[in-house]
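Please put together the full structure from these sequences, using the hints given.
Residues per chain, in single letters:
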Amino acid sequence: MTKTFVIDGKTIPFEDGQTIMQAASAAGVYITHLCHNPQFTPHGSCKLCTVNVNGRNCSACTFPASEGQNVTNISKELNEDREKITQMLFVEGNHFCPSCEKTGNCQLQAVAYHLNMTDNHFPHFFENREVDASHPDVMIDHNRCIFCTLCVRASEQVDGKNVFAISGRGIDKRLVVNSPSGLLKDSALDVSDCAAHICPTGAILIKRTGYSVPIGQRIYDHAHIDAVALASEGEAHDH
Amino acid sequence: MTTKKVKVATVSLAGCFGCHMSFLDLDERLVDLVEHVQFDRSPLTDIEHCSDDCDIGLIEGGVCNSENVHVLREFRKQCKILVAVGACAINGGLPAMRNHISLEDCLNEAYMDGIGVENPQIPSDVELPLLLDKVHPLHEVVKIDYFLPGCPPSADVFWAFLTDLLAGREPALPYELIHFD
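Residue numbers (numbering that gives the first Met the number 0), protein chains in the order written: chain U, 0 to 238; chain H, 0 to 180.
It is worth saying that the hints were derived from the structure and are not from the lab.
Small disclaimer: the values here were computed from a predicted structure and weren't measured.
Please note: incorrect hints may appear among the correct ones.
[To be verified] Computed from the model, here is a short list of chain H residues facing chain U with C-beta under 7 Å:
no.	residue
1	A86
2	I89
3	N98
4	H99
5	E139
6	F146
7	C150
8	S153
9	A154
10	I177
11	F179
12	D180
[What the hints assert, rightly or not] List of simulated lysine to any residue pairs, SDA-like, C-alpha gap at most 20 Å:
no.	chain 1	residue 1	chain 2	residue 2
13	H	K133	U	S98
14	U	K83	H	Y145
15	H	K142	U	Q86
16	H	K133	U	F125
17	H	K3	H	A166
Using N, Cα and C, we set each Cβ at its ideal position, and we do this for glycine too.
Here it is, written out as structure tokens:
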């Protein structure tokens, strides 16, 4: 007999070893997330996927599904927490959407739209962060990095290169590049690498492609991120 | 019986007037709007100060100089509902991209060392408001009641927001109208 648990009243089947996120996505239930991607080992850092499991808050992307769990995913409290987390991401970096070529295709922005976020609530850090445009085909704008580690995991687990890492802790943490100069041009990164295309924000961009799709016709301009994520990640889970 | 019109004041602080232009994109809907709304202090009326019973204040742009701070505080004092309109009002926007550069370097680049500068001097007339060291979003200076994102927010955003407010509903923007770009 299939094992099941419940999310917001809906019965979700799962197999042993699946996380709540994996089982939910496979059953067509979207749980807000940024650092999760079904291709890679879960990281559990962004906390946007926080759900309530039998009365306790857990990260759905790392928490194993088990028989009889009662999970709350959509509630006013959880969505308000998610909105506050997203606002903190916006004020910690420098996210100026009108001047970012990722706008409309950006998952950070799309999560904000999805949560009905219209302001940043907190005081802005306006931190001085660098741009690394040294690589011929790929650039890093550190202003927009949210430390989700998707590029770190993609480089390690798919490209087998270890181009990226997170250095430092807390407010001092930074995305660093594995090269003698610390610059992207001296790293092993190639434009065809998975790590060059995985960034959920506008931090890692492919040069000369930014405006090939006009603003207004981009992924999240008209579609909610839940529908987009379920469609694309559903495919990834099936493989 | 005539009902009292709702008083709306508007201003552009550290903005480009793009949000005001977008507001004017309401086009023929402006005719419907003025049935219910009377414009108070605004670049559209040339009234210099808010009357003390304004209902709605629409603020475009962030806060980049001392005058912006004074104007914003006047709006907060005189308006029952204060609305941050557009990206610059919400997060500082394009002008806030100078926040990574020291004010001295900004002034030197613009007025002293920049390409094509003639008769270089830093403007220092008493009539000119002093620049703040950083550009700030409105909510860092006064309490803001509502935010209309977009660069600029489309006329439909203004329409949805104002018609909700005028009808006594809690304003709510549908997905299609929430854009940060």
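Here is how each hint holds up against the structure:
Restraint check, A86(H) versus chain U: the minimum CB separation of about 5 Å is within 7 Å; hint holds. This hint holds: I89(H) has a C-beta 6 Å from the nearest C-beta of chain U, less than the 7 Å allowed. Nearest Cβ of chain U to the Cβ of N98(H): about 4 Å, under the 7 Å cut. The hint holds. Hint status for H99(H) relative to chain U: holds, with the closest Cβ pair at about 5 Å, below 7 Å.
A hinted interface residue such as E139(H) counts as satisfied when its beta carbon comes closer than 7 Å to some beta carbon of chain U; here the least separation is about 5 Å, so the hint holds. Annotation: interface hint on F146(H) holds; nearest CB of chain U at approximately 4 Å, less than 7 Å. Because the beta carbon of C150(H) sits about 4 Å from the nearest beta carbon in chain U, less than 7 Å, this interface hint is met. Nearest Cβ of chain U to the Cβ of S153(H): about 11 Å, over the 7 Å cut. The hint is violated.
At about 15 Å, the closest approach between the beta carbon of A154(H) and any beta carbon in chain U exceeds 7 Å, and the interface hint on this residue is violated. With a least beta-carbon distance of about 5 Å to chain U, the hint placing I177(H) at the interface is held under the 7 Å criterion. Restraint check, F179(H) versus chain U: the minimum CB separation of about 4 Å is within 7 Å; hint holds. At a threshold of 7 Å, the smallest CB-CB gap from D180(H) to chain U is about 4 Å, leaving the interface hint in force.
In summary, the hint linking K133(H) to S98(U) is supported, as the alpha carbons are separated by about 19 Å, within the 20 Å threshold. A threshold of 20 Å between alpha carbons decides the hint, and for K83(U) with Y145(H) the separation of about 16 Å falls inside it, so the pair holds. In summary, the hint linking K142(H) to Q86(U) is supported, as the alpha carbons are separated by about 17 Å, within the 20 Å threshold. Restraint check: the Cα-Cα separation between K133(H) and F125(U) comes to about 9 Å, which is no more than 20 Å; the hinted pair holds.
Annotation: proposed proximity of K3(H) to A166(H) holds, straight-line Cα distance about 14 Å (limit 20 Å).
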